[in-house]
Amino acid sequence: MKFGLHYQLPCSPTQSPVQRYRDTIAQAAYAETLGFESVWPVEQHFDPGFSILPSPLLLLSAIAERTQRLRLGIGIILLPLSHPVRVAEEIATLDVISNGRVEFGVGRGVFPSHFSGFGLPQEESRERFLEGLQIVRQAWTTERLSFQGKFFTINNISVVPKPVQQPHPPICVAANTVETYEQMGQLGLSILTAAQITTFPKLRELIPLYRQARHAAGHPHGNGEELSLLAPCYVAESAEQVRREVEPSIRHFLDSLIAAFPVGKGNQLLEEAAERLRKTTYEQVCEVMGIFATPEAFVDRLTQLREEFGMGRFLCWFNMGGQVPHEQVLRGMRLFADKVMPHFA
1 MKFGLHYQLP CSPTQSPVQR YRDTIAQAAY AETLGFESVW PVEQHFDPGF SILPSPLLLL
61 SAIAERTQRL RLGIGIILLP LSHPVRVAEE IATLDVISNG RVEFGVGRGV FPSHFSGFGL
121 PQEESRERFL EGLQIVRQAW TTERLSFQGK FFTINNISVV PKPVQQPHPP ICVAANTVET
181 YEQMGQLGLS ILTAAQITTF PKLRELIPLY RQARHAAGHP HGNGEELSLL APCYVAESAE
241 QVRREVEPSI RHFLDSLIAA FPVGKGNQLL EEAAERLRKT TYEQVCEVMG IFATPEAFVD
301 RLTQLREEFG MGRFLCWFNM GGQVPHEQVL RGMRLFADKV MPHFA
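For the sequence shown, position 98 matches number 98 in this note's numbering, and the numbering has no gaps at all.
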């Protein structure tokens, strides 16, 4: 199984955005020396307590210059918010800069504030996503691009540079709903699923639907490479130390997520989700969306999840909430690399 890092980059008022970025770049460079395979920052907007990472490609460009082998995963680009030609250009440019190390993670997005902030109707997100993804793929694989769709009209342009990886960088789609799991299975595309959004119990329902759809559409049986699982996690020498060091950061994440859900806007699903999060305990987070444990207990839990889900890549979010100090994150990464990763080689 491959192991990567995930970054959302929340930043509280007491933290420096400059230092948060510098620490993240340093952690990614250190991860390569420890044997981690990839790094996956996510695009978010308009809420510093939740994230100060609107442009993961800029962060990955900096990481590319500090590393040699680390795969540069985008986990994810919110495709409906951008013009797909621009996305195709920028992803290809990163692939050229890094000499073919890009993993193109892409999704629709879930937060209403992202769509209202860019003046786009969220109800169009699925159609915009599918049309945009079609344009990006064509831009990479044709000499000149023409396209006529519902949202975009493109007339005979040359999209350059072309990616180093041919026919294009690997594509991985963020999946949160039944429709997306089944649709990506039908298309034979790999998926990225995040346990802090789609919890372990829900994944037990959704991942079989994805694999059934892949099989029904005639796509070959995957060896795990078609599924990447992202989960908040932390390791330390004792369970008491784990909880002491990570629980305040977990609470910060939950509070920032609650704040991101609109209240009184008529969206009953989001309001109900916010109410559930207010009642969520540390123990419940450990049970349904993360692994916070000693190395030995982490190995047991991850073994169980791999047997259940069959993922080929596990993406570690070592600083859920962003409140764990940089040196502690480095220490946890080193402990994870020394005492967890060898069990899954």
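Bear in mind the hints are in silico, worked out from the structure with no lab data behind them.
Honestly, I wouldn't trust all of these hints.
As a list, the in silico SDA-like pairs of lysine to any residue whose alpha-carbon atoms are at most 25 Å apart [as the list claims (entries may be wrong)]:
hint : residue 1 : residue 2
1    : Lys150    : Lys2
2    : Lys2      : Arg251
3    : Lys202    : Glu225
4    : Lys2      : Pro208
5    : Lys202    : Arg251
6    : Lys202    : Asn176
7    : Lys2      : Phe151
If you anchor each label on the Cβ, the simulated ranges turn out as follows [as the list claims (entries may be wrong)]:
hint : residue 1 : residue 2 : range
8    : Ser116    : Lys202    : 20 to 28 Å
9    : Ala239    : Glu308    : 41 to 49 Å
10   : Tyr282    : Arg126    : 33 to 41 Å
11   : Phe152    : Thr177    : 18 to 26 Å
12   : Gly149    : Ala62     : 30 to 38 Å
13   : Phe151    : Thr93     : 39 to 47 Å
14   : Gln134    : Arg69     : 26 to 34 Å
15   : Phe344    : Val18     : 48 to 56 Å
16   : Gly218    : Arg244    : 33 to 41 Å
17   : Gly222    : Glu179    : 18 to 26 Å
18   : Arg126    : Pro170    : 16 to 24 Å
19   : Phe118    : Pro13     : 24 to 32 Å
20   : Pro54     : Ala217    : 31 to 39 Å
21   : His221    : Val288    : 26 to 34 Å
Quick caveat, the model's predicted, so the values are computed rather than measured.
Using N, Cα and C, we set each Cβ at its ideal position, and we do this for glycine too.
What are the numbers of the hints the structure violates, in ascending order? 1, 2, 7, 9, 13, 15, 16
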